[in-house]
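Colleague: Chain A is already provided as a structure; the job is to place chain B on it using the hints.
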Amino acid sequence: GQQLNQSPQSMFIQEGEDVSMNCTSSSIFNTWLWYKQDPGEGPVLLIALYKAGELTSNGRLTAQFGITRKDSFLNISASIPSDVGIYFCAGLRNAGNMLTFGGGTRLMVKP
Amino acid sequence: NAGVTQTPKFQVLKTGQSMTLQCAQDMNHNSMYWYRQDPGMGLRLIYYSASEGTTDKGEVPNGYNVSRLNKREFSLRLESAAPSQTSVYFCASGRVNTGELFFGEGSRLTVL
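So the sequence lines, in the order shown, correspond to chains A and B.
Here the first sequence stands for residues 1 to 111, numbered as in our numbering.
Here the second sequence stands for residues 1 to 112, numbered as in our numbering.
For reference, chain A alone in the conformation it holds in the complex (with noise of 0.2 Å):
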């Protein structure tokens, strides 16, 4: 099942506004990672972190791994409508695992 919880399930914010997301999980994963799905599209990898504690940015987004490596949290900073869709997270324990998904952050934002 499951592994991963992502808070919070959707979010409805104003343009302009920061937003701040989590994943955690009662396990540890080496990796963490980030994904955006588009409606009607795939998901798109946006961050990948490798090291406990590392902070890593793309643009508006902001991306940590956290210390005890049993969660991580993404921050997109002043929102615009193109970043509507839904955020997955994803952990990998170790290579040759499988990724495990956490269960996205359906993100909506008003103009």
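Derived from the structure by calculation, the hints contain no laboratory data.
Be aware that a few hints might be false.
Here are a few chain B residues that face chain A, going by a calculated C-beta distance under 7 Å [what the hints assert, rightly or not]:
1. Tyr64
2. Phe90
3. Glu105
4. Gly106
Some residues of chain A that are not near chain B, with every Cβ distance over 10 Å (derived) [to be verified]:
5. Asp18
6. Thr31
7. Leu45
8. Ala52
9. Ser57
10. Ser77
11. Phe88
12. Met98
Some chain B residues judged to face chain A by a derived CB distance under 7 Å, without partners named [to be verified]:
13. Gly42
14. Val88
15. Gly104
Cβ coordinates follow ideal geometry from the N, Cα and C atoms, glycine included.
Modeller: Same frame as chain A, but now just chain B:
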């Protein structure tokens, strides 16, 4: 580059019918995957192929079979479709050691 290409994009089946979803990638990846996406359930792994010539079950393999035809192509077959298999199916390819996957656009399957 096309990346990961899936066909068909939409399909309606009657219960008991069979069909095959096709997937091809042009990124020379060793690993390929089939996921299904249902509302509120995220992405669940059906089958994967870590390298050409190997296939393994994922989280929800029942009712499905796969074939890794060559390094580029990985197909998913439903032998006797059931309404519970109504879903959006995604093929992906990538490097198994990094978790970095590239997804196709999805195939929306409805079983009546």
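Colleague: Compare the structure with each hint and give your call.
Modeller: These are the hints, each one checked on the structure:
Taking 7 Å as the C-beta contact cut-off toward chain A, the hint placing Tyr64 (chain B) at the interface is violated, the least distance being around 16 Å. Because the smallest distance between the Cβ of Phe90 (chain B) and any Cβ of chain A comes to about 5 Å, under 7 Å, the interface hint for this residue holds. The interface hint given for Glu105 (chain B) holds, since its Cβ lies 5 Å from the closest Cβ of chain A, which is under the 7 Å cut-off. Among the interface hints, the one on Gly106 (chain B) holds; its C-beta lies about 5 Å from the nearest C-beta in chain A, closer than the 7 Å criterion.
Separation of Asp18 (chain A) from chain B is adequate, the least Cβ-Cβ distance of about 24 Å exceeding the 10 Å criterion. Look at Thr31 (chain A): its CB is around 5 Å from the nearest CB on chain B, not clear of 10 Å, so calling it non-interface is violated. Non-interface status of Leu45 (chain A) relative to chain B is broken: a Cβ of that chain comes within 10 Å, the nearest being about 6 Å off. Non-interface status of Ala52 (chain A) relative to chain B is upheld: no Cβ of that chain comes within 10 Å, the nearest being about 15 Å off.
Remark: the non-interface label on Ser57 (chain A) is consistent with the geometry, its nearest Cβ contact in chain B lying 17 Å away (cut-off 10 Å). The non-interface label for Ser77 (chain A) is consistent with chain B: the shortest C-beta to C-beta separation is roughly 24 Å, beyond 10 Å. Its beta-carbon lying about 6 Å from the closest one in chain B, Phe88 (chain A) breaks the requirement of being farther than 10 Å from that chain. Listed as a non-interface residue, Met98 (chain A) fails to keep its Cβ farther than 10 Å from every Cβ of chain B; the least gap is roughly 6 Å.
A distance limit of 7 Å between C-beta atoms decides the matter here; for Gly42 (chain B) the minimum to chain A is near 4 Å, and the interface restraint holds. A hinted interface residue such as Val88 (chain B) counts as satisfied when its beta carbon comes closer than 7 Å to some beta carbon of chain A; here the least separation is about 9 Å, so the hint is violated. For Gly104 (chain B), the shortest C-beta to C-beta distance to chain A is roughly 5 Å, which falls under 7 Å, so the interface hint holds.
Hint violations for this structure: numbers 1, 6, 7, 11, 12, 14, all remaining hints satisfied.
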